[in-house]
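Asks: If you want the building blocks of each chain, they are given just below.
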Amino acid sequence: MPSPDNTERQWRTLLAGDEESWESAPSSLKARLYSALIRRQQETGPLASLDVSVADGHDVCVFERLVQIAPVGDSAKAPFFCTACHARILAECFDNPPIFWAHCPYVQFKG
Amino acid sequence: MEAGSAIKKSFEPLPSYQERRLVEDVLSKDRKATAEFVAFCVDSVYSFVRKRLIPRVEMIDDLMQEILLAAWVGLPKFRGDASLRTWILGIARHKVDDFYRRRLRDSEITEENEPLAEPVLEPALDRHLDAAAEQDRVDRTLALLPEAYTMALIWRYRDEKSVREMAELSGKTEKAVERLLARARENFRKEWTHAQS
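So the protein lines, in turn, are chains A and B.
Using the working numbering, the letters of the first sequence map in sequence onto residues 64 to 174.
Using the working numbering, the letters of the second sequence map in sequence onto residues 109 to 305.
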């Protein structure tokens, strides 16, 4: 009959799992988390203008580019345009969705 | 952009100056930096959370969102003493503890005066201890147990909480937690053996 300590060790060995292994999160989960985080950021005021993103060296998608080069003020470049984009909807609902826009954050999550 | 363009694979670490830059950009509510932040951090947190919630995978989404939003709120306090991923995993650990605490606190843990039989691993189970790599089978067995039993086993043996810690966190007595664990082990053993036969 094993000692209580030994029994505990055996249970630990059996149930511990592999801490070293990493598993990628589903792309749809990343998309939903990103959208949620952006919504939370918007609760505390507008997002940074697309001009700021571009000035920081980030690439923007074709739709964002249209807004970014438009002769409008910063406030018009701050909304989260992905809200109205089909890419976001597909990305939140499906893993590895059929979206291929360059520099779209939701495409980035596909891995 | 230094922080952004360097984030190609989500498992690769970032130099600390890039992490700081990424944090600054996220705090300035740069949507592109925020996307990179998610891509950079989520996989490690997901692995951590999934291992502790499995087989209750339907709860992962809500907990992940809770963790990430807490990270956003706490981000101004990030000093870079540890890596960004380690810092967020610290938040995840607290959130998982909170989650377990709530679940176990709400669970029915009676303090009956029944004798607490110290479960002994049966030979059938013992033989499989070397094959702990059969993680799927362990998870399948855990999925058959009542939620409180599963959580107690994972909290105790996967997260290595002591009985005292579990009692303090769940607001139960140590005796109640020991009884819960004993029943959980017994149920696990029965399901494991049943699946084998």
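Just so you know, the hints here were simulated from the structure itself, not pulled from any lab data.
Some hints here could point you the wrong way.
[Stated by the list, open to error] Heads up, simulated BS3-like pairs for lysine-lysine below, C-alpha to C-alpha not over 30 angstroms straight-line:
{"id": "1", "chain 1": "B", "residue 1": "Lys-298", "chain 2": "B", "residue 2": "Lys-283"}
{"id": "2", "chain 1": "B", "residue 1": "Lys-203", "chain 2": "A", "residue 2": "Lys-173"}
{"id": "3", "chain 1": "B", "residue 1": "Lys-298", "chain 2": "B", "residue 2": "Lys-185"}
{"id": "4", "chain 1": "A", "residue 1": "Lys-173", "chain 2": "B", "residue 2": "Lys-283"}
[Stated by the list, open to error] Covered stretches of chain B, as calculated for chain A (at least 3 residues, CB under 8 angstroms):
{"id": "5", "stretch": "120-128"}
{"id": "6", "stretch": "140-152"}
{"id": "7", "stretch": "190-202"}
{"id": "8", "stretch": "279-288"}
Using N, Cα and C, we set each Cβ at its ideal position, and we do this for glycine too.
Asks: For each hint, tell me whether it holds in the structure or not.
Replies: Evaluation of the provided hints:
no., hint, verdict
1, Lys-298(B) with Lys-283(B), "holds, 22 angstroms"
2, Lys-203(B) with Lys-173(A), "holds, 26 angstroms"
3, Lys-298(B) with Lys-185(B), "violated, 48 angstroms"
4, Lys-173(A) with Lys-283(B), "violated, 48 angstroms"
5, 120-128, "violated (count 0)"
6, 140-152, "holds (count 11)"
7, 190-202, "violated (count 0)"
8, 279-288, "violated (count 0)"
In summary, the structure is inconsistent with hints 3, 4, 5, 7 and 8 from the numbered list given earlier, while agreeing with the others.
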